Structure formats: C-alpha cells, structure tokens
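Top to bottom, those sequences are chains A and B. Offset between the first sequence (1-based) and this note's numbering: plus 7. Take the second sequence: its position 222, counted from the start at 1, is 205 in this note's numbering, and no numbers get skipped.
No lab work stands behind these hints, which were simulated from the structure alone. None of the values given here were measured: they were computed from a predicted structure. Every residue, glycine too, gets a C-beta built ideally from N, C-alpha and C. It cannot be assumed that every hint is accurate.
Here are some of the chain A residues that sit facing chain B, going by a computed Cβ distance under 8 Å [as the list claims (entries may be wrong)]: (1) S30; (2) S46; (3) R83; (4) L147.
Simulated restraints on C-beta separations [said to hold, decoys possible]: (5) A:E59 <-> B:N134: 25 to 35 Å; (6) B:S17 <-> A:P122: 31 to 41 Å; (7) A:V14 <-> B:M259: 19 to 29 Å; (8) B:A19 <-> A:T173: 50 to 60 Å; (9) B:Q149 <-> A:R107: 17 to 27 Å; (10) B:E256 <-> A:R107: 30 to 40 Å; (11) A:K142 <-> B:N134: 34 to 44 Å; (12) A:D28 <-> B:G111: 30 to 40 Å; (13) B:Q145 <-> A:G21: 38 to 48 Å.
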Amino acid sequence: MNALIDVAQAQKSGRAIVAVDISSMAAAADPTQILVTYSLGSCLGVTVFDPETGVGGLIHCMLPLSKIDPRKAAARPAMFVDTGVPALLQAVYDLGANRRNLLVKAAGGGSPLGPDEIFKIGQRNFEVLGKVLWKNGLDLRAQCVGGSQARTLALDLQSGRTIVRTDGKESEL
Amino acid sequence: MSLKREILAKVHAVPPLPEVVFKLQKYCNDPNVSYAELAKVIEVDPGLTTSLLRLANSAYFGCEQSIGSVQYAMTRLGLKRVYQIVLAVCVAPMTRKPIRGYDLAPAMLWQHAIATAMASEYLAQELGSTEPADAFTAGMLHDMGKIVLGNFVDVDMDKIRQLMDQNGIPFDEAEREAFGTDHASVAASLLQRWQIPARIVTAVRYHHHPSACPDPEPLLDIVHIADVLCRDVGWGMGADALLYRFDPTSAERLALPPDIAEQTMAEVSLGLEGMMEIFQSLGAAREQPRVQPVG
Chain A
8 MNALIDVAQA QKSGRAIVAV DISSMAAAAD PTQILVTYSL GSCLGVTVFD
58 PETGVGGLIH CMLPLSKIDP RKAAARPAMF VDTGVPALLQ AVYDLGANRR
108 NLLVKAAGGG SPLGPDEIFK IGQRNFEVLG KVLWKNGLDL RAQCVGGSQA
158 RTLALDLQSG RTIVRTDGKE SEL
Chain B
-16 MSLKREILAK VHAVPPLPEV VFKLQKYCND PNVSYAELAK VIEVDPGLTT
34 SLLRLANSAY FGCEQSIGSV QYAMTRLGLK RVYQIVLAVC VAPMTRKPIR
84 GYDLAPAMLW QHAIATAMAS EYLAQELGST EPADAFTAGM LHDMGKIVLG
134 NFVDVDMDKI RQLMDQNGIP FDEAEREAFG TDHASVAASL LQRWQIPARI
184 VTAVRYHHHP SACPDPEPLL DIVHIADVLC RDVGWGMGAD ALLYRFDPTS
234 AERLALPPDI AEQTMAEVSL GLEGMMEIFQ SLGAAREQPR VQPVG
C-alpha cells in the first residue's frame, strides 16, 4: 500500500491534500481531496464519512468544552469538541450526507506528556466526544486515542478510508 | 576538546545581538531616558523600524490607535514592549532554518517560541505573580539552545535514543549524558552572552526541570507550564516534543486555578496565527536582519 499522507505522491496522482489546522475543520464531497490534520497530541481529530454520497469531513479540536470562553467558541467553534463536532455534522449534512450512513472515527486525545500531566485535556476531549455523539444518535465506528504518541489523521474522500500515522507508520482506522 | 567545550565554542559562534537590543535593555528601567533619543537608535535601521511598526500595530501587541513612529510606540506600548519586539525581530531569523536533530521543520521552532511566549505572558497576567513582559521574553527564548545543539543531536541521535530506552530517562537527561550539557543550559549560556536579564536566564536554564532550581521564581514555573501546554497542543512539535517529563512542582507552586490551562490554550490559539503570519512576511521581506551596530 502506498503511503496515503504523502503530499508529493498525492499530487502526482491528481489528488489534493487539504491540511486542517488546529481549531479548524473541513468538509467536502470532492473525491480528489484527502483531508489531513497533523500533530494530534491531546487534541482530538474526528472524521465523518457517508459512503453513499461520498461526503466527508475532518475536524481538529483543541479543548473539550466551550463554556470556558463562549466568545472564543462563537469565533472559532472548531476549537472545542462540544461546539466543533456538531458544526462538522451540520456541515456534512448540508453537503448531503445522511446521518444513518455516517461513519465516525476519532484519533488523538492523548496524554503526550505522560501520566503525570495533570490537565488531562486529551482524556476529557474524548469523553466529551462520546456525549456529543450520543446526543446526535451516532456511534463511534473506530478510534485510536489516548497514549503518549503524536498522531496524524487523514480521510480519503475517494475511498472513504481513514488513516492514522504514528511514528511514521500508517494504519487504517 | 570535550563535546561540552565544543558545544560552548559553538555558542560563542552564534552572532551577537545588535547593539540596539542592549541599549533598549539598558534603558528599560531608566525613568529619565529620552524616548526621542532612544527612538533614533532604532530609526537608523529602516528594516528594523518597519518590522517594529508592523508588530506594534499587530492584534497582539497593538492598541486601538495606530502607531506610526518609533517614539509613539515607546509611549503607547512602553519601552519593555518595544525591547521585546526588537529582540523578537533580531532573534527570529536565527530560527528560520530547519533545526536538525530535533527534526524541526522551518519556522517550527519559532512557532513554539511565540506560542510559549504568549502562553507565558497570559499565565503571568492571570496569576499576577510575575512581570508579564519578562514571561513573554523567557517563553520566546526558552528553546534557543536548540539552534546550537541541533547539529550535535543529529549526529548522536541513536545514542540519545539508546540512553532514553536503556535508562528510562527523558530527552534532556539523555542530552546531558551524551554531551555533558542540555539544550536548556546551552540556551542559558547563549542568553548570558546576549546580556538577557538573569532571572530570565534562570527560568530558561531550568525550564524542563523546575524542581532542580535552587532559587525558583514564579517566572520559571510559568515557563515550564507554558512549554508543557504548547507541546501538549502540538505547536512547533519536533522529534523530542513528547519525550520530556512533566514536573508537578511548578503547578503546585503556582496553585493553578481550574480551567487556566484551557483558557491559556484558547487564548494562544486565537492569537498565534496572526503573529506567525506577520513574522513570515517580515522574514520574506528580508532573509537576514539588516541591523547596523550602533553606538
């Protein structure tokens, strides 16, 4: 299998790598696109994909709950899991995705600085994701969360494959 | 020559900061200084003046009224802020190349520096225990040792990884075993050479291991927490980013209020992009600082 998250290779085969920054998201129905987000430590990356319509999206949330700063949440909903993930769902629904088909996967939410780190932001990001999905009647299909590694997460909008890269190795989620 | 001496020799090979930085530093706490005279010291360099004014008018540093002259920047933002901006303009070009060893892509070290600076300043403001301007400067400079140590780490990366695996030690301890020094101490030597104030040098020297500092100040603990949070998020992540230990002493000493970590991350996240864009455009405008030594 060729490496999916390889900008040069993707460009050669006419694909576009769309980089999703921290506190940002992307949604599309364009099969040439590969959505990628890098350096997921305690941040949480979530992909959603509807295999019937080919609509998908990816978000890179930094923090669990928007209540710490509603003003910032209004300016940047993708910063928080509780405002970002519903915004992502709305974005893919607007593009024609159907909730019943939606495959939701998550990566990141780690404790990159080890078990002594007191802030537990990664763990709380993942807990809030569970609540948001439950509220929206969705299940988490696959996950690669926790631990101390940094991860890269990608969604291939052509095949619908979700790929996680850790320590230079890619695996399908 | 021992590796440590070789490394220290490389510290001395890093270009000195332009004289203007030292002049600003010297007059920061002098109530009798003439802003008009001091502004001239900056204005002899048009490149530096342009960069200063761009940053002085940025969302992060700026104020409501637009700043059109160096002297007005000094009046509106204060001399410490102007010093900080000039220091940033002079140091940024040194971080633009990729840093080998730590596997930092171009601009990644600077992204981490600015994120940590902003996080440190925010923590200082919120906690009220230290001067926010010092916190920004310490955060900005804390990893500068990597520009010197990077080439040594690159050569000895296998040895460092082996030391970490065999002895279960963090990256900085492996650096000390391999080289007799670590990037925090190298940064401290560099900053001493640049005549950066001693309390900032101490905060930088112990930023990975605050409990080892014999005379800790809140500034040190703030830089440790800010660095941890920025690595947690992934701002400027290098190969070593996740290979350090969290030192709980700092959080205990600062008695961090609930939510402060998240508030800090949110604050930095909103401001960082704009700051990086400005520095990138300044970098594109001039690859090297054209600051003339004066005085």
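Numbers of unmet hints, in rising order | Hint check: 4, 5, 6, 9 and 11 fail, others pass.
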